Amino acid sequence: MQNKDLIEVSGEKGLIQTDTIPEADSDKPVDKEFFIRSIFRTDVKKGYDLLFRHYYTPLCSHAVRYVYSKEVAEDIVSEVFLSFWKNAVHEHITTSFRAYLFISVRNKCLNYLKWELNRETSEELDEVTLESVHIQPDRLMEFDELYMRIERIIAGFPPQNQKVFLMSRFGGKSYQEIGEILQISKKAVEAHISKALVEFRKVLKNPNMLIIASLSGLL
Amino acid sequence: MRPELTKYIVFTYFSGDATAMQKQMIEHWLTNVRNVEIYFEWLEEWEKMQLQFQPDTLAALENVTEKLFQKQEPTDVELKSPTRRVSKKLLLLWAAASLIMMGFASYLGREFVMYRTYETSFGELNKFYLDDSSQVVLNANSTLKVPRWGFGKSTRHVYLEGEAEFSVQHTADHQYFKVHTADNSLITVLGTEFSVYTRPKQTNVVLNKGKVELSSYIGNNPLTMSPGDRATVESDGEIKIEKLSEKQLVQHAAWKEHRFIFDDTPLKEVAERIHEVFGVVVKINNMELASRTATGSFPAKNAEELLTSMSYMYSFEITKTENKIILIPNP
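So the sequence lines, in the order shown, correspond to chains F and X.
Note that the working numbering gives residue 205 to position 205 of the first sequence, counting from 1, and the numbers run on in steps of one.
So the working numbering is basically just the index in the second sequence, starting at one, shifted up by 1000.
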């Protein structure tokens, strides 16, 4: 019995992780998505489901570092998956699914930030195209720098300010509700939020990075 | 000899604790495409260890799948076209893709991310505050969309389908609060109490307090309403204003207490109202019964409760089938 289980477990692991890659593919990265890709070949919907279940959580967790709202993060990730389907990305993808998804989520987060800081409702969000997936190392690292910066900004808020900001953004509460919970006036909540946003703009200004420069142009 | 870059260093980097030297190493390492893939692999791994929150994946998947297949249904028709060169599956996918693209490209980019949507199902009431402290009570089967960002910065715009009562806060900088309805009417206020009904049948506004301006889709000069007025937007875009009696005003606000007040209302209209609020189809097969009128105040949280209490007074029987209620006059 136990023996049989063992065999099955290791068999499955071999299928997903493909520990041994054929020599011919050695210029390709270690293929951990082999299993998902093979499902896509036989049943697109099933492959899509699997992809979603596998990446939804880490992608949301990543997105929220940029947008600081669970709701928006989930919307952004769902949108990326919808566009994955509508563009049948699995048919002409050249990178891993993982790289495509992470890059798409990051681009959408950046667009969201631009839109948010710009406070313009009329601006359309750009579609992430497959071409934009081929990405320069410095651009990758600028995206890293961006979420780290945002984290530092928020960590730098005074405690009450941080609390109000997180309740509003992360907890999705209205100013009124926050005021009731923290026993402060709605005006005070507003003051905290606008102070937080001023900090945000100040720190995101003066960048020496391209993508952040594209943000600060709007500030 | 290139220094060895370990996963540990990259994780340190993701956490924002890498030194300048390490960052330089990583930048160099990333020039190799193969390492970019490893970078994302590690990013995923690190993210799973450092989860910021635990979203409900299954609910989200259901949601996304629903959005995909809702819009996909009409593809059956397109598939009947005699293009046989492409495989059926591919065609289905492209048909789905193009349909979703057409119908959704604009919808998703904006609606999904741009608006926070408050929705009530049949028979449900929802009372909440907006960021400017204005209070909204949303009646059953209604939707209110509020821009996620920018609301309360210059003008406060909201988009309503269904019925809602607003208690709008006057802001220090005298910001307008604008309600856009499904039939492109526009209600402009500073700080007042009013209710809006906007369903396929018609749009009307009842003002309790303060002052509002109402314009219809034809864009004539907006009409100013006074307290106690009910303005109805006619199908030709004309606005009709009438003064409501105290009794009618109470009747108008009754839904907020899950109560229905009728005043010489034909049962046919009662049936329409039930359909709007509870989503239940009420069929009256008897002409005479349909034109019988009801008067009175009926508390009810569902269609059956309401009809049962009415059935004694207006002597009819109710027969319930799946999602449909039939009224039969008593002999």
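These aren't lab readings, by the way, just hints derived from the structure by calculation.
One thing to keep in mind: the hints can contain errors.
[What the hints assert, rightly or not] Below 25 Å or equal to it, Euclidean Cα-Cα: the simulated SDA-like pairs (lysine to any residue) are: (1) Lys-173(F) x Ile-1241(X); (2) Lys-1153(X) x Arg-41(F); (3) Lys-46(F) x Lys-1067(X); (4) Lys-1283(X) x Thr-1295(X); (5) Lys-1324(X) x Glu-1269(X); (6) Lys-32(F) x Glu-1027(X).
Given the structure is predicted, the values throughout are model-derived calculations rather than measurements.
Status of the hints after comparison with the structure:
At roughly 38 Å between alpha-carbon atoms, Lys-173(F) and Ile-1241(X) are farther apart than 25 Å, so this suggested pair is violated. A threshold of 25 Å between alpha carbons decides the hint, and for Lys-1153(X) with Arg-41(F) the separation of about 50 Å lies outside it, so the pair is violated. For the proposed pair Lys-46(F) and Lys-1067(X), the alpha carbon gap of about 16 Å is at most 25 Å, so the pair holds. The suggested pairing of Lys-1283(X) with Thr-1295(X) holds, with an alpha-carbon distance near 20 Å, which does not exceed 25 Å.
Only pairs whose Cα atoms come within 25 Å are accepted, and Lys-1324(X) paired with Glu-1269(X) is accepted, the gap being roughly 16 Å. Our distance criterion of 25 Å between C-alpha atoms is met by Lys-32(F) and Glu-1027(X), whose separation comes to about 24 Å.
Of the numbered hints listed earlier, those contradicted by the structure are 1, 2.
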